[in-house]
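There are 2 protein chains.
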Amino acid sequence: MRDFSHDHRWLSINAATVRAQWPLDRIVDECSRRGIRAISPWRDQVAAVGLERVAERLRATGVELSGYCRGGMFPAMTDTERRATLDDNRRAIDEAKTLGAPCLVLVVGGLPGALAGHPQSKDIAAARRDVHDGIAATLVYAREVGMPLAIEPLHPMYAADRACVNTLEQALDLCDALDPARTGALGVAVDAYHVWWDPKLEAQIVRAGRERILAFHVCDWLVPTTDLLNDRGMMGDGVIDLPRLRGWVEAAGYAGYSEVEIFSAANWWKRDGGEVLDTCIARHRISV
Amino acid sequence: MRDFSHDHRWLSINAATVRAQWPLDRIVDECSRRGIRAISPWRDQVAAVGLERVAERLRATGVELSGYCRGGMFPAMTDTERRATLDDNRRAIDEAKTLGAPCLVLVVGGLPGALAGHPQSKDIAAARRDVHDGIAATLVYAREVGMPLAIEPLHPMYAADRACVNTLEQALDLCDALDPARTGALGVAVDAYHVWWDPKLEAQIVRAGRERILAFHVCDWLVPTTDLLNDRGMMGDGVIDLPRLRGWVEAAGYAGYSEVEIFSAANWWKRDGGEVLDTCIARHRISV
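Chain order of the listed sequences is A and B.
By the numbering used here, the letter at position 196 of the first sequence is numbered 197, and the numbering carries on one by one without gaps.
By the numbering used here, the letter at position 278 of the second sequence is numbered 279, and the numbering carries on one by one without gaps.
One chain only, chain A, in its complex shape:
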């Protein structure tokens, strides 16, 4: 297992972590100043600054991407919506290419309409079929241009509104169905927050292996957790045994970044951005 205690060369910052403080070009510069070598931006953050401007700041600073957030959101009630989603995923792949991302992270979507607060269906099996079909269709173009897709299983508390892929086992079943040859075109993003509770986690990480683990995200599960979406904790402040989990993904062959992704409306989003990044660096060395 790699020793993180002396430097932060394997720290990446998911740009959502400081989204409340800074626009993306500033985030790139602030990370670069601190020797943070990688980030993972969200599409809306890129759009707000402009794709070319972001690409230019990445080139100028040498900061690279550990992933691009996000494609997905496949379930829909009509074919018209499904086609629009596929077009949107194609655009996300193009943006990921422009920015040099190693993978496009897929948050696959839940029940149609649920994210907007108006679920139009209770058929989670149908949503899962849409996810299968949507990834299959998106994978064709992703393979053409060489952009790996990383299915991110989300915590089951997001099954209704964000993602109906909720365990690593389920995500790997999709990978095996759609990329049986393990070509590297399709894999998973393992986010500790979403999967730490899973009794089958270690076994499924072994199953995933090096070809399937495209990203590794960290933060912490707070006790108590007061909000389903925006109460993620800083590494070390919660109950996830992050070193054990990293040991498992590294034993499986993963040797990339540990990407810090914290949504924290009541705490970290209210602090100075520099303090947040400095805390991420410090905690990365002792708690990840």
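What the hints contain is simulated information worked out from the structure, not anything from laboratory work.
Hints should not be assumed to be uniformly reliable.
Given that identical chains are not distinguished, each listed pair holds provided it fits within a single copy or across any two copies.
To be verified - Computed cross-link-like contacts, DSSO-like style, restricted to lysine-lysine with a CA-CA straight-line distance of at most 30 Å:
no.	residue 1	residue 2
1	Lys-123	Lys-201
2	Lys-123	Lys-271
3	Lys-201	Lys-98
4	Lys-98	Lys-271
5	Lys-123	Lys-98
Here the structure is a predicted model, which means the values were calculated and not measured.
Given chain A, work out where chain B should sit, using these hints.
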């Protein structure tokens, strides 16, 4: 599949649903008045009124139990605590016997100290070993007196503080390890709120079969859900396809009560208790 549309003979009320409105003896009487044939009380509700008083009201009204809440909470940091927990589970079994419960529901516990807000460990694997050992020890006495134990897998969002058994598969693995002969002494409580998201749910219900399904709980998953603990919805107000789920448990051989268990700080706990029960009856007929 049984037709619930004409009566509510298979409706049970988990007494937590109206815990804010009434003490338990009143709950028994109010249910009886409405032709609700069963309830599932919590230990603190029984203690507040007195075990003998509750037993007397049940005898007088003919209301029966669909379960008794709850035993469990096995993980601990010391053997002294573990012994105290086993003693407490023994008392819970005795109370369940006195009240004529068909099973004692086990909420198995999470990380030691977490429920009180001060987790003392990040080792969920150790907590799971404590759960295995605690159920094994409790089962000896439960078998002696003939009180089935129903392991309730809780939603993964409760893994840290309430239960580290988080899928039906995991609960059934415990059942197979501790009661391989499927004697009926050990089984599961299937609560729709906790398991609805699980991609392996139908398969695991088939696996459970009639011998293992000791209870079936219903309520609904609201979109959005605003509180991790006390924002459960009335059947029909959320996104769980309850008839489909009941179809699965009935196909597996379950023919008992559908027990309504709603924790709702912002809504149902604030309403008139009679209105809550009448709504449960109405929704049981159309949405369960």
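**Request:** Compare the structure with the hints numbered earlier in the document and write down the numbers of the violated ones, lowest to highest.
**Result:** Violated hints: 3, 4, 5; rest satisfied.
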